[in-house]
Amino acid sequence: MKTIPEIEAQFIDDFNQLENWEEKYDYLIELGDSLPEMPAELKTADNLVKGCQSSVWFATRCEDGRLFIEADSDSLIIKGIVAILVQLLSGQPSSDIAHADLTMFETLGLWRHLSSQRSNGVTAMMAHLKQSAATCQIN
Amino acid sequence: MKTIPEIEAQFIDDFNQLENWEEKYDYLIELGDSLPEMPAELKTADNLVKGCQSSVWFATRCEDGRLFIEADSDSLIIKGIVAILVQLLSGQPSSDIAHADLTMFETLGLWRHLSSQRSNGVTAMMAHLKQSAATCQIN
Amino acid sequence: MTKSISSARADFPILNQLVNDHPLVYLDNAATAQKPRSVIDSLVHYYEFDNANIHRGNHTLAIRATEAHEAARSTIAGFINAQYAHEIVFTRGTTESINLVAYSFGEAFVKAGDEIIVTELEHHSNYVPWFLLCKRKGATFRVVPFDQDGELDLEVFKSMLSEKTRLVAVNHVSNSLGTVNPISEIIQLAHQAGVPVLVDAAQSVQHLDHDVQALDADFYAFSGHKIYGPTGVGVLYGKEKWLEEMPPFLSGGEMIENVTCDKVTFNTLPFKFEAGTPDVSGPIGLAAAIDYLIQFDPAELKDYETDLLNYGLELLSDIPDLTIYGNPKHRSSILPFNVAGIQHYDMGVLLDNYGIAVRTGQHCTQPVMDALGITGTVRASLALYNTREDIDALVNGIKRVQRLFRRKS
Amino acid sequence: MTKSISSARADFPILNQLVNDHPLVYLDNAATAQKPRSVIDSLVHYYEFDNANIHRGNHTLAIRATEAHEAARSTIAGFINAQYAHEIVFTRGTTESINLVAYSFGEAFVKAGDEIIVTELEHHSNYVPWFLLCKRKGATFRVVPFDQDGELDLEVFKSMLSEKTRLVAVNHVSNSLGTVNPISEIIQLAHQAGVPVLVDAAQSVQHLDHDVQALDADFYAFSGHKIYGPTGVGVLYGKEKWLEEMPPFLSGGEMIENVTCDKVTFNTLPFKFEAGTPDVSGPIGLAAAIDYLIQFDPAELKDYETDLLNYGLELLSDIPDLTIYGNPKHRSSILPFNVAGIQHYDMGVLLDNYGIAVRTGQHCTQPVMDALGITGTVRASLALYNTREDIDALVNGIKRVQRLFRRKS
Ligand SMILES: Cc1ncc(COP(=O)(O)O)c(C=O)c1O
Ligand SMILES: Cc1ncc(COP(=O)(O)O)c(C=O)c1O
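Chains as they are written, first to last, in the working numbering: chain F, 5 to 143; chain B, 5 to 143; chain C, 5 to 413; chain G, 5 to 413.
In case anyone wonders, no lab produced these hints; they're calculated from the structure.
Take every hint as true, because none was put in to throw you off.
Restraint-style ranges between C-beta atoms, simulated for each label pair:
{"no.": "1", "chain 1": "B", "residue 1": "E45", "chain 2": "G", "residue 2": "D157", "range": "32 to 42 Å"}
{"no.": "2", "chain 1": "B", "residue 1": "T111", "chain 2": "C", "residue 2": "D301", "range": "33 to 43 Å"}
{"no.": "3", "chain 1": "C", "residue 1": "D301", "chain 2": "B", "residue 2": "G69", "range": "46 to 56 Å"}
{"no.": "4", "chain 1": "B", "residue 1": "G95", "chain 2": "C", "residue 2": "Y88", "range": "31 to 41 Å"}
{"no.": "5", "chain 1": "C", "residue 1": "E261", "chain 2": "B", "residue 2": "E26", "range": "33 to 43 Å"}
{"no.": "6", "chain 1": "G", "residue 1": "S166", "chain 2": "C", "residue 2": "D266", "range": "14 to 24 Å"}
{"no.": "7", "chain 1": "F", "residue 1": "D105", "chain 2": "G", "residue 2": "F113", "range": "33 to 43 Å"}
{"no.": "8", "chain 1": "G", "residue 1": "N20", "chain 2": "F", "residue 2": "D105", "range": "42 to 52 Å"}
{"no.": "9", "chain 1": "G", "residue 1": "N262", "chain 2": "C", "residue 2": "P149", "range": "12 to 22 Å"}
C-beta: ideal position from N, C-alpha, C; glycine also.
The whole structure should be built from the sequences, with the hints applied where relevant.
What follows is the structure, given as C-alpha cells:
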C-alpha cells in the first residue's frame with residue numbers, strides 16, 4: 005500500500021494535468037462517483053460531520069491500528085473531496101493519519117472554498133477523522 | 005419690562021461688538037459675576053439640572069403667572085450662560101417662556117459647545133425651565 | 005430631480021471587478037448589500053477629520069463627531085418616520101436589536117404562563133431569542149405555520165392571540181422565500197388583542213414601505229449592512245412608551261446618570277440602551293447610505309425592483325428541472341430555487357467560477373427548510389444596482405452548470 | 005528594522021488640521037485614539053473589493069471577506085498571545101465584552117450569597133455590570149478602595165478574597181488617574197484563592213505588556229478605538245475552559261448549530277458568542293491597527309511614552325495653583341489635574357479655543373471622583389504620536405487660561 009505522501013503526490017500530479025476548472029470539477033465528480041456506496045444505516049447523526057455546509061458522513065472502523073473509512077455526501081463536489089480523503093487515508097496506520105497535514109488541498113489550485121475557515125469542511129472532516137484515528141490502537 | 009425677543013436682540017448686539025473669543029468669554033464671565041448669589045439651601049438635588057457636565061442649579065418661583073428664577077453654576081462659563089437666561093426669562097410671563105426658542109445661543113457665534121446635544125446643557129436648562137413654566141399659572 | 009436608477013451601478017466601486025476572470029455578478033444582497041462610494045467616503049471623512057469620543061467631550065472634534073452621530077440618528081428617525089429621534093437605538097444589527105428587546109422587554113413584561121408568538125418563516129435571529137426567553141421565563145413559544153405558497157396562516161395566528169400573549173415577533177419579508185407578510189394586518193390584529201408587535205425589517209426596510217407610524221409597529225429592527233450601509237451597525241426603533249418602561253440591557257459608560265457605592269441611576273433615552281463608547285462611525289455611514297437611497301424616487305425604485313424580480317422568476321421558471329420555492333402573492337427581491345440533481349452547495353460553488361455570487365444552504369431559517377423538506381436552496385437576491393443582465397448571467401450560469409453535470413451522468 | 009517613533013505623527017491624517025485657527029493638539033487619547041492612514045485604507049479596501057457576509061458563503065467575495073475577518077482574529081490572538089484564536093470573541097467594545105461575561109459567567113457561576121470583587125478605580129463599564137449582576141443574583145458587591153496616591157489597597161483586597169468570591173474584575177490602568185495596578189500580583193492572589201480574574205485592559209493594551217498567558221488572565225477586555233483601530237469593535241479574550249462552560253449571551257444567526265421547533269443547539273467557539281452578522285470590517289481595521297503598532301520596537305515605544313508622561317508631569321507640577329491627582333508608583337499616559345479657581349469644564353472649553361483637545365469631568369469614574377472629593381478633573385492623555393511640543397502647547401494653553409481668569413478677579 006502506498007503511503008499518504010505518495011498518494012498525495014499522485015493526486016497533485018493528476019490535477020496539474022487538467023487544463024481548466026471545469027475539467028478539474030469533472031474529475032472530482034468522477035472520483036466521487038467511484039466511491040463505494042455507503043450503507044444507509046451508517047448515515048447516523050454521530051457519523052455526520054459538524055461544520056460542513058453539506059451533509060457529510062464518515063463511518064470509521066479500526067483494524068489493528070489501521071483506520072478504514074466509508075463516507076458519503078449529498079454534494080457531488082464534497083463527495084469528490086471525500087473520495088480523495090478515503091483513497092488517501094482509508095487503511096492507513098492511524099498514527100500516520102494523526103500526523104497528516106493535507107495542505108495538498110490548498111495546492112490543488114481548485115477550491116479556495118475548501119481551504120477557508122468554515123464554508124468548507126476539509127478542516128472539519130480532517131478533525132473528525134483524526135479524532136477517530138486517535139482512538140484506533142494496535143492491539 | 006422688556007420682552008424676551010427684545011432682550012435677546014440686545015445680547016446679540018452686545019456680543020457682536022466683541023472682537024475675539026477671549027473678549028466674549030470675558031464678557032460672559034462678567035455676566036456670571038453679576039448674577040445675584042443663590043442661597044446655599046436652594047442648591048438641592050431637585051434644583052440640579054440633569055444632563056449638564058457642570059453642576060447647574062435653578063430655583064424657580066411662580067408669582068401670578070410670572071416665573072422668577074435664581075440660579076448658579078460651579079462653572080464660570082455656564083454661570084455666564086445662566087445669567088443670560090435669568091436676565092432673559094426671570095419675571096417673564098410663563099407662557100412666553102414656554103414659547104421661547106432661544107436659537108440665539110447658536111447665533112452668538114461663541115459656543116458650538118453650548119448648542120450641541122449633550123455636552124452643554126442649554127437644551128437641558130431650557131427643558132428644566134419650560135417645565136417649571138408649564139406649571140406656573142395666573143391665579 | 006430624482007436620481008435615475010440606471011446611474012446607480014457606477015456608484016458602487018466593488019461591482020467593477022473580475023471574479024474568476026468573469027465580471028462580478030453580485031446576487032447575494034439579502035446577505036449583505038454593497039456600499040456606494042458616498043458611504044465609504046463618509047467613513048473616510050469621519051476618520052480623517054472628526055474622529056473623537058462623543059457626547060461628553062467639550063473640544064471641537066468631540067462636538068463635530070457628536071453632531072455627526074446625532075444627525076445620523078435624526079436622519080434615520082426621519083427615514084422610518086419615527087416620532088422622536090430618541091426612539092432610535094443604535095445596535096450592531098438586527099440580531100442585537102431583537103436580543104435587546106427579548107432581554108429587556110422580557111425582564112419587564114414576560115412571566116411564566118405567558119405566550120410569545122413568532123412565525124415559522126423567521127430568521128433564527130427572530131426565533132432563537134424568543135425561544136430562549138420563553139425557556140428562561142417558563143413562557144410558551146408559539147409558532148405560526150406557513151402554507152405551501154409560503155404564506156403565513158393568519159387563521160392560526162388569530163386563534164393563537166389571547167390575553168396570555170405578550171408579544172408578536174414577525175418579519176416583514178422572509179429572507180429565505182421573499183414572502184411579503186401582511187404586516188399591517190398582523191399588527192392590527194395583535195393590537196386589537198392588546199399585544200405589541202416587533203417587526204423584523206432586515207429584508208424590507210431597503211425595498212418596501214418603512215413608515216413605523218403608518219405601520220404602528222411597536223418595535224422595528226434592521227441592519228445597516230443590508231441597506232447599503234457599513235457592517236456592524238443596526239437600528240432598534242421602539243415606541244417611546246415601551247422604551248421608557250423597559251430596563252437597560254447592557255450597562256457601563258454612557259448609559260449612566262449616577263453611580264455611587266450602593267445605587268445606580270440611568271440616563272434618558274436613547275442613551276439608556278447604548279452602553280459604552282458607541283460605534284461612532286457606523287451610524288454616520290448608515291445615514292450616508294440613507295441619504296444615497298432617498299435620492300431615488302421610491303415608487304420608481306419599487307417598480308424597478310419588482311420588474312427585475314418578475315423577470316428573474318420568469319426566466320428561472322423556464323429552466324428545466326428547476327424548482328422555485330414559494331408562490332406568495334407578494335414577493336420581494338428574493339429568488340429561492342434548486343435544480344434537480346445538483347446540490348445547492350455545488351450550484352453555488354460552480355456559479356462562483358463564472359463570477360456569480362449567490363448564497364446557498366439554509367439561510368439561517370432551518371424551520372423553513374424543515375417545513376419544505378429540503379436541506380437548503382440556492383438564493384439569488386436583488387438590490388437596486390442589479391440589472392436584467394445580471395439575471396441573464398445567472399440563467400446562463402445555471403444552464404452551464406447543468407451541462408457540466410449532464411456530461412457526468 | 006523597526007519603525008521610528010518620530011515618523012508616526014505623519015501617518016495620522018486627522019492630526020494635520022487647524023482647530024479654531026490653531027494646529028490641533030490632540031490630548032484626548034484615553035477617550036479615543038486617532039487612526040493611521042493604514043487603518044482607514046484597510047476599511048476602504050474592504051468595502052471596495054471584498055465586502056460580503058461571512059462564514060457561510062461559498063462565493064469568492066464571501067471567502068475573501070471571511071479570510072480577512074478570521075485572519076484579523078488570528079492577528080489579535082497573536083498580539084495578546086492567546087493560546088487559541090477561538091479564545092478571541094469580537095464585541096463592540098470593552099463595555100460589551102464585560103457585559104457578556106457579567107451575563108454569561110454570571111448565569112453559569114454566580115448565585116445568592118456569592119461575592120464579586122471590583123475596585124474603586126474602575127470605569128463605570130467595569131463597575132455597573134457587576135453591581136447589577138450582584139443585585140440580580142443576590143450576591144455581594146465588594147469594592148477595593150484606593151489610597152491617596154491612587155494605589156489600590158492590596159491588604160483590603162486580600163482580606164476580601166474568600167471561598168465566596170466568584171470573580172475579581174479590575175483594570176490594568178485606571179482611566180482617570182493612570183495608576184498602573186499590580187495586575188500580576190492581583191491575579192496571583194486571586195488564583196491562590198481559586199478565583200478567576202477579568203482584566204479591563206482598555207487603557208493598558210495600547211501602552212503596556214499585553215501577554216494574556218504571561219499574566220494568566222482569565223478574561224481580558226479591550227476596545228479597538230483606543231488602540232488606533234475603528235470605532236465599534238472590541239475584544240473579549242477568555243480562557244477556552246471558561247468560554248466552553250459559559251452559556252451563550254446573544255442569540256440568533258451565526259451562533260446556532262441546530263434549530264428545531266423544540267430544541268436549539270449552539271455553534272462552537274468563538275461563534276457561540278457572536279450572534280448575528282458580525283461587524284466584518286471592524287476587526288479588519290483593528291488588525292490593521294495592530295499591524296501598525298507592532299512596527300515599533302515595544303521597549304522603545306514604552307520608553308518614549310514614559311518619557312513623554314514624565315515630561316508632562318514635570319511641566320504641569322511647575323504651574324502655580326495646579327494640582328495633579330494621584331501619585332502612583334507607576335503611571336501610564338494619563339495627566340489628571342485641576343487649576344484652582346478654574347472649573348475643569350471651563351478649562352476644557354477654553355483650551356479648545358487654542359486647538360487643544362483634553363477631556364473634562366468624571367471620566368465615567370464617579371466613585372473615583374467621590375473618593376477624591378471633587379466633581380471632576382481635566383485629563384490630558386497621550387498616544388504614540390504625541391510629542392513634547394504637544395505638552396508645551398498644553399502648558400502654554402493652561403497659562404493663558406489662567407491669565408484670562410486672573411484678569412477677571
Ligand atoms: C478603563 C476603561 N474601562 C472601560 C472603558 C469602556 O470602553 P468602551 O467605552 O470602549 O466600551 C474605558 C473607556 O472609556 C476605560 O477607560
Ligand atoms: C429576516 C432577517 N432577520 C434577521 C437577520 C439578522 O440580521 P443581522 O445578521 O444583520 O443581525 C437577517 C439577516 O441575516 C434577516 O434576513
